[in-house]
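S.K.: Next come the chains, spelled out residue by residue.
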Amino acid sequence: MTDSKYFTTTKKGEIFELKSELNNDKKEKKREAVKKVIASMTVGKDVSALFPDVVNCMQTDNLELKKLVYLYLMNYAKSQPDMAIMAVNTFVKDCEDPNPLIRALAVRTMGCIRVDKITEYLCEPLRKCLKDEDPYVRKTAAVCVAKLYDINAQLVEDQGFLDQLKDLLSDSNPMVVANAVAALSEINEASTSGSPLIEMNAQTINKLLTALNECTEWGQVFILDSLANYSPKDDREAQSICERITPRLAHANAAVVLSAVKVLMKLMEMLPADSDFVSTLTKKLAPPLVTLLSSEPEVQYVALRNINLIVQKRPDILKHEMKVFFVKYNDPIYVKLEKLDIMIRLASQANIAQVLSELKEYATEVDVDFVRKAVRAIGRCAIKVEQSAERCVSTLLDLIQTKVNYVVQEAIVVIKDIFRKYPNKYESIISTLCENLDTLDEPEARASMIWIIGEYAERIDNADELLESFLEGFHDENTQVQLQLLTAIVKLFLKRPTDTQELVQQVLSLATQDSDNPDLRDRGFIYWRLLSTDPAAAKEVVLAEKPLISEETDLLEPTLLDELICHISSLASVYHKPPNAFVEGRGAGVRKMLPARAGSQETVLETASGVTDPPAVIPAQDSLIGDLLSMDISAPSVPVPATTSVFSPPAVDLLGGGLDSLLGGDVAATGTAGSAPVSQSTTGLLGDIFGFSATPASYSPPKSNWLPAEKGKGLDIWGTFSRRNGQIQMDFTFTNKAMQAMAGFAIQLNKNSFGLTPSSALQVMTPLPPSMSHDCSLPLATTGAIQRMEPLNNLQVAIKNNIDVFYFACLVPVNVFFTEDGQMDKRVFLATWKDIPAQNEVQYTLANIQCNADAVVQKMQQNNVFTIAKRNVEGQDMLYQSLKLTNGIWVLNELKIQPGNPNITLSLKSRALDVAPGVFQAYDAILHT
Amino acid sequence: MVSSINMIHSLFIINSSGDVFMEKHWKSVVSRSVCDYFFDQQRKVGNPEDMPPVIATPHHYLISIHRCCMFFVAVCMTEVPPLFVSEFLHRVVDTFEDYFSECTESIIKEHYVVVYELLDEMLDNGFPLATESNILKELIKPPNILRTIANTVTGKSNVSATLPSGQLSNVPWRRTGVKYTNNEAYFDVVEEVDAIIDKAGSTVFAEIQGYIDCCIKLSGMPDLTLSFMNPRLFDDVSFHPCVRFKRWESERILSFIPPDGNFRLMSYHIGSQNIVAIPIYVRHNISFREAGGGRLDITVGPKQTIGRTVESVMIEIPMPKAVLNCSLVPNQGKYSFDPVSKVLIWDVGRIDTAKLPSLRGTINLQSGTTAVESNPAINVQFTISQLAVSGLKVNRLDMYGEKYKPFKGVKYITKAGRFQIRM
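Residue numbers (the UniProt record's numbering), protein chains in the order written: chain A, 1 to 929; chain B, 1 to 423.
Looking at chain A on its own, in the form it has when it is part of the complex (with noise of 0.2 Å):
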């Protein structure tokens, strides 16, 4: 007796059999062919040629017969729209019914068949049903209402529909708000006009907070998505609907507890982070996140993606809670590696002893993903808690014993960033590494060999013999290997220049001569001209200290990050995109922004406090100019897409400006090549080599009549600013036009905004004969009084001579005023990007720029205004700069390029907005050069 029954088929064919059965005049068999017509649908087969029959069931008493009907109808009234007005008195009829259940079953299939036709005469029974005594039916309704605008959008408009649901939200019954609130917010969602349909004020919140404790689970997650969306007015409201969520924490749905999560995290960014509440509700954030953990595998995946973002945004929440990622050797892989990847964010001082005797279990497992992933996840902790680095060391040493070959290459890769981190310090494992050589296949892990050998030439005696033996096949080497085989020999050759001359011409030749990859060529030629005219200075460049790598390769950035939060729980977040990044024609355009913290008016000059605890590490990776040089390897583990194009820009700086100083003789500023200011470059023999002419490093605008000579009586100044070897310089030409010699210049500068005065005496030839010019830099110096001026950048300026004194005033380009030392870490920008709240972010737009992203940021690094990261998201270039001020303000840009788009889009945070039109000038002017 059950329903596999209605699959037996007969010799006549099926479709002529249900035909018959449904034509029968017995209800009971009438009802079994209806059934056998589901069955058949359900497992796939087309049955809608059954459509005028199934539909002539459709007038019965029987609420089980006209149910399956309804499913039929839902499923083809599309391929039969002709036939299915057919249905639609029925439809009207039943939506009169006494019954509530038949209303609203009606309504309901009514609203899911999308035949036009057929729409039309839904909308009187939806009126109706919409302010239907009966709660039921009226939720089900609202419902209808969203499935409607789907269909036809316009019509829901034009009937007031959409008021009508609006005035649901203040139903009785909260099962009633919530499909309302689901509607609206499904309504708005495919909306093409974008102004929010519901206005989230105060009342509206404060019903749909009372809803959410009364109404289903599921709409629950609707209210909180909605609520997601709500900006309140000041902390102390935020606060409220904090205290009103929290209960959600404990609700047995890990939907409802990933949505409440949500609506916290982004409303705990208004509140004041030191307050007493802010903490409470971080512990009670854990618990109910650590839950998630102990579900289903399915639910874990989402929960542990989430908790990715989390722990990226507030560190705090799961910092006790190291213990519950740990990996159970029958976790799915998936899930696996995301708790890896949380582990190594959570590692530091207190727990790494824990973490590292995981991650030394984990890789003597047998997924080989997962055990790659655990040995990098050593290197990691490694670089990042210095501490624990010998037992690092030593561990990823054991696990080289073992001689499993894609664990000794994954730890020849990792050992390899830790030499980099730590120099000088474990070099004494070499001799076990260069054991392994032979079983080395990967070319990111010989690469790496490679790197060491030649780094450490002098202390292996047979690395000659070892670097040889690979330069055998050279051609068949992967290009990073090829790259890093040249550089390793010139180390080589220049650290034992006597017995390996050979060798590096064979290397080279073999890199300029026999290779057709540009790469290696050029980089080939200009190792051959750099050996065979200088090898001293050879020697300074390829021997050059690298700089440090950092510790967090992977982490997002603060604007996605931010952007993410507001989208926890969602596909997005799983994802770690934005939702308009993947989701088709949805909610274009319409960003979301973490809220400001209120009441956050810091003051002016203490923008370094985000800078106060630098990581032990500095500069960023994306700076690496090692890397040319060196280290093809984009520095530690994860492989951050985006990051390794950058390097080429400031390293042809430093080709430029390390080499020029080099050979010009002036060598005392090179030793860290990176950060070496290149100011002045006097591009010698490489400045052909890269094709770039010999332009003055950083931007000054052309000379102005500050005082013309009807005005000064016979004198005539014409002036500008530029900043020259860090020094910020007034440069004059005065001219006399007057009939008498002029002398006893002098000069003073009134009060201005950064405090610019003179630092030394006015030296203009004395006496300055009749029609004569002379042209003279005055050195300035931001030690003066400061007076805010306005604009900022005025600058009052009195000269004095033998005739009289004479006043004018003048505009400073405010780039002079960017100090040399405005490269701020990558981690340090992306806390301080964070930090500054959403308000103090402005944006504007660089017209009819020529320039690609690298000129962008070779122009911007001239003049001080240093990139701390590129990367290319859907086609655009995104450049984060940092530049600081001579006051110490910090100002932080994000800059969108895209490609054939003259327009350049500049978002500009920091916490002394006053400077902002000052900067924008100075990108309006630097980049139209």
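Careful: at least some of the hints might be erroneous.
[As the list claims (entries may be wrong)] Partner residues are not named here, just some residues of chain A that face chain B (Cβ under 10 Å, in silico):
no.	residue
1	42
2	64
3	144
4	179
5	255
6	354
7	361
8	575
In short, the hints are calculated from the structure, not lab data. A virtual CB, placed ideally from N, CA and C, is assigned to each residue, including glycine.
Assemble chain B onto chain A, guided by the hints.
M.R.: Quick look at chain B alone, frame taken from chain A:
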């Protein structure tokens, strides 16, 4: 992101051999060819447990759960909260289990029409409608042989013609007019110990997943309060919607109008920051080094059980691939080794403290292999009756709102959850 209400477009149920044997569409028909993306992914991962729960295809998202050897694949077209979908899918399977007492392919096929009706009742246009089993059962009667026969004779159907009373009340989880001759309320306090024990026998990580499952058959509208001797144990709890959260926050008392029948009242989690008693130990010694084979020696014993007996002990060891066979001798219970999956299972039974169970013998390795690629881990299962390992104790149960005296019972059980010992 605001969630869309038509979040679940379609549902496909796929059996273990990869056939789509059931589909349901809530909006328009999505061709089942969309499942090809799912199958592509499935071929890549091999193991069904490793199937990623969210798959993006060019036009759809496939969010799936794997239960009862079947995949339930929801097709979504817009930005959705994935947990919402997986929670819903789990609820669907729960409902099937509730209706048909088990959920298998053949059961679903046997009850196609009921399944279809249920799915339609649970989701409207992709929006969950009625997911409480109490309400569903009033709308669609669960099949049973007696009723099926009666329906055939009387021509009645299993679909109710009246609106369920609970649907819109303030207690939507409870139907009205419940009547029993014997009024009973049973509470099972079940605690599962999740643990990782390292080679040396020390605890790497241990926590307790506890839950209180109820079977409540009380007439009318009973209002219950349940209190504990030591509620301070709870710092991480989740409740059935019937529990009044305010009362819990202020007094640490569970106050609720229960649903009728079986349900999970609360679940709790006693985290790794507390000290968790480990009720069992496994002494193990495994070596693969000896020529032509290795040795295995396992002994199991009780620990921190407050005198209770450890029962239903089962030891499961996934052996390395190089292991061909095992010849072992248990002093109690039975063991088996599956040479295909390489899993060694030893069904120990109860632990007698006088004579500890042990399993000894040799392991045959593939000739030529000496090193094994990884160390195995031991998965342990056990049950201890009359013990909640956290020490949790129910203090009292009171009933208000009804006059009769119900029969009350509380049972404690401790079980192994995901209890692993590294070798």
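S.K.: For a quick check of understanding: which of the numbered hints are violated here, in increasing order?
M.R.: No hint contradicted; all consistent.
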